[in-house]
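Chemist: Sequence:
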Amino acid sequence: MTTIILLTQGELGGDVGVRKKEFELAMQYWGFDYVTFRYPDMKLAYFPLNKMVDSVTKVVVNKNITALVSFHPNEITSGFDHPDHNRAGEITRLVSVGMKDGRKLIYWMSNNKPYLTKERNKYAKQFYSSQNIPIEVLKTIGESYLKIR
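Per numbering that gives the first Met the number 0, residue 0 is the first one in the sequence shown, and the count goes up by one each step.
Calculated directly from the structure, the hints in this document are not laboratory data.
Quick reminder that beta carbons are idealized off the backbone N, C-alpha and C, glycines included.
Some clues are possibly wrong.
[Stated by the list, open to error] The following label-pair restraints were derived from C-beta to C-beta distances:
#  : residue 1 : residue 2 : range
1  : G30       : D53       : 24 to 30 angstroms
2  : H81       : K103      : 21 to 27 angstroms
3  : G30       : K50       : 29 to 35 angstroms
4  : K20       : K103      : 27 to 33 angstroms
5  : D14       : D100      : 38 to 44 angstroms
6  : D100      : G12       : 34 to 40 angstroms
7  : N63       : D14       : 32 to 38 angstroms
8  : D14       : D53       : 30 to 36 angstroms
9  : L24       : P47       : 30 to 36 angstroms
10 : K99       : P47       : 18 to 24 angstroms
[As the list claims (entries may be wrong)] Distance condition first, Cα-Cα at most 30 angstroms in a straight line; then the derived DSSO-like pairs of lysine-lysine:
#  : residue 1 : residue 2
11 : K62       : K19
12 : K57       : K42
13 : K50       : K62
14 : K20       : K50
15 : K57       : K20
16 : K99       : K50
17 : K103      : K62
18 : K42       : K20
19 : K103      : K42
20 : K57       : K19
21 : K42       : K19
22 : K19       : K103
23 : K99       : K62
24 : K99       : K57
25 : K62       : K20
26 : K19       : K50
27 : K103      : K57
28 : K50       : K103
Throw the hints in and build the complete structure from the sequences for me.
Modeler: Printed below as a string of structure tokens:
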């Protein structure tokens with residue numbers, strides 16, 4: 000089973016109730032399990048890294064998660080450098096290397112080559128009205144994945 004781990008609720012990105020409901024509906028639709036930590040949005044850097052790594056490691060062990068996917072810890076995407084995404088990438092890296100039996104680690108990185116940006120944005124807004132990312136930003140992001148281990 001796929002488990003999604005949220006470190007924050009993204010409360011600075013809009014109506015928390017709407018965002019929470021969208022997330023829960025998406026998890027239900029995909030049949031994903033999830034664990035939510037309640038660190039404040041945009042503040043992950045202010046909490047002890049080792050405690051967050053320990054907390055996430057416990058989830059990984061308890062849920063028997065075999066592969067970790069996260070943001071790259073040093074990614075700056077089109078001038079949109081999100082400190083919580085960077086911190087989540089660092090936490091994920093430390094969880095992966097700290098596991099005795101190892102865990103697959105995959106980072107999401109921007110390739111700056113957008114594909115079907117307008118169509119994807121229109122489709123996503125049908126389901127996730129809280130995601131109000133300007134199309135100019137989306138045009139420059141693109142996507143790719145980098146398997147680390």
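Chemist: All hints, please: hold or fail.
Modeler: Results of checking the hints against the structure:
1. G30 x D53: 24 to 30 angstroms: 28 angstroms, holds
2. H81 x K103: 21 to 27 angstroms: With Cβ atoms ~24 angstroms apart, the hint holds.
3. G30 x K50: 29 to 35 angstroms: Since G30 and K50 have Cβ atoms about 31 angstroms apart, the given range 29 to 35 angstroms holds.
4. K20 x K103: 27 to 33 angstroms: 31 angstroms, holds
5. D14 x D100: 38 to 44 angstroms: 41 angstroms, holds
6. D100 x G12: 34 to 40 angstroms: 36 angstroms, holds
7. N63 x D14: 32 to 38 angstroms: Given range 32 to 38 angstroms: holds, Cβ gap about 34 angstroms.
8. D14 x D53: 30 to 36 angstroms: 32 angstroms, holds
9. L24 x P47: 30 to 36 angstroms: 33 angstroms, holds
10. K99 x P47: 18 to 24 angstroms: 22 angstroms, holds
11. K62 x K19: With a Cα-Cα distance of about 22 angstroms, the restraint between K62 and K19 holds, given a limit of 30 angstroms.
12. K57 x K42: 22 angstroms, holds
13. K50 x K62: 18 angstroms, holds
14. K20 x K50: Since the Cα atoms of K20 and K50 sit roughly 28 angstroms apart, the hinted pair holds (cutoff 30 angstroms).
15. K57 x K20: Holds - the C-alpha atoms of K20 and K57 are around 26 angstroms apart, at most 30 angstroms.
16. K99 x K50: Holds, at about 18 angstroms.
17. K103 x K62: Distance ~15 angstroms between K103 and K62 Cα, so the pair holds.
18. K42 x K20: 22 angstroms, holds
19. K103 x K42: 27 angstroms, holds
20. K57 x K19: Distance ~23 angstroms between K57 and K19 Cα, so the pair holds.
21. K42 x K19: 19 angstroms, holds
22. K19 x K103: 28 angstroms, holds
23. K99 x K62: 16 angstroms, holds
24. K99 x K57: Within the cut-off at roughly 13 angstroms; holds.
25. K62 x K20: Holds - the C-alpha atoms of K20 and K62 are around 23 angstroms apart, at most 30 angstroms.
26. K19 x K50: Distance ~25 angstroms between K19 and K50 Cα, so the pair holds.
27. K103 x K57: 16 angstroms, holds
28. K50 x K103: 21 angstroms, holds
Every hint from the earlier list agrees with this structure, and none is contradicted.
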